[in-house]
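Asks: Each chain, letter by letter, is given below.
Protein chains: 2
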Amino acid sequence: MIFEIAEIDVTEGQEEAFVAAVSEAAPHFKAAKGCHSLKLARSIEMPSRFRLIVGWETVDNHMVDFRESPGFSAWRALASPFFAAPPRVEHVAYTLEAF
Amino acid sequence: MIFEIAEIDVTEGQEEAFVAAVSEAAPHFKAAKGCHSLKLARSIEMPSRFRLIVGWETVDNHMVDFRESPGFSAWRALASPFFAAPPRVEHVAYTLEAF
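Keeping their order, the protein sequence lines are chains A and B.
For the first sequence, position 72 (counting from the first letter as 1) is numbered 72 according to the numbering used here, and the numbering increases by one without interruption.
Adding 100 to a residue's 1-based position in the second sequence gives its number in the numbering used here.
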């Protein structure tokens with residue numbers, strides 16, 4: 001499993017609406033091929049900055065299968081009105097889980 | 101619990117040595133007040149970029165208790181020779197764990 005980390009800066013004052021939109025969009029991720037988990041982390045130093053952390057079986061499950069699916073359009077329709085800037089997307093794999 | 105996310109760019113070619121250094125430094129984190137977990141994630145798009153993800157009871161357990169302890173000096177002595185730039189450190193809290 002790999003993880004998508006999407007850093008999303010939300011328009012100030014729209015943070016709670018954004019969290020509600022992510023919650024509403026979660027079933028579209030859950031239904032996606034190879035999608036294992038979805039969490040949303042909020043920055044303590046910059047409270048308008050969120051990280052959407054999505055577990056996928058493969059990078060292609062995210063970048064090809066999901067991005068070309070109606071689920072992606074539905075997610076973006078719900079969440080993108082709150083984006084202050086385009087999300088910065090990266091994929092990571094755990095190389096060490098010490099404890 | 102909150103999480104420290106330290107984005108660390110490692111000098112090219114030193115990635116495996118850096119992972120070994122983090123593994124060697126892990127007991128210093130484990131012994132620290134309020135430290136719950138330590139994982140290291142590696143970027144797929146930028147393989148010299150790592151994220152050290154550390155679970156702490158509070159931000160102060162990291163920024164005050166740990167940073168002022170000998171464990172922090174020991175961690176930095178082990179890992180900093182491999183840093184290509186100063187780490188970018190942020191703290192996050194999970195606001196949604198959808199599935």
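Warning: the hint list may mix true and false statements.
As the list claims (entries may be wrong) - Keeping only pairs whose Cα atoms sit at most 27 Å apart, straight-line, the calculated DSS-like set for lysine-lysine is:
1) B:LYS130 x A:LYS30
2) B:LYS130 x A:LYS39
3) B:LYS139 x A:LYS30
Hint data in this document are derived by calculation from the structure and do not stem from the laboratory.
Asks: Each of the hints needs a verdict: does it hold here or not?
Replies: For each hint, the structure was consulted:
Between the alpha carbons of LYS130 (chain B) and LYS30 (chain A) the distance comes to roughly 34 Å, so the proposed pair goes past 27 Å and is violated. Taking the CA atoms of LYS130 (chain B) and LYS39 (chain A), the gap is about 25 Å. The hint holds against a cut of 27 Å. Note on LYS139 (chain B) and LYS30 (chain A): the hinted pairing holds, with a Cα-Cα distance of about 25 Å set against a maximum of 27 Å.
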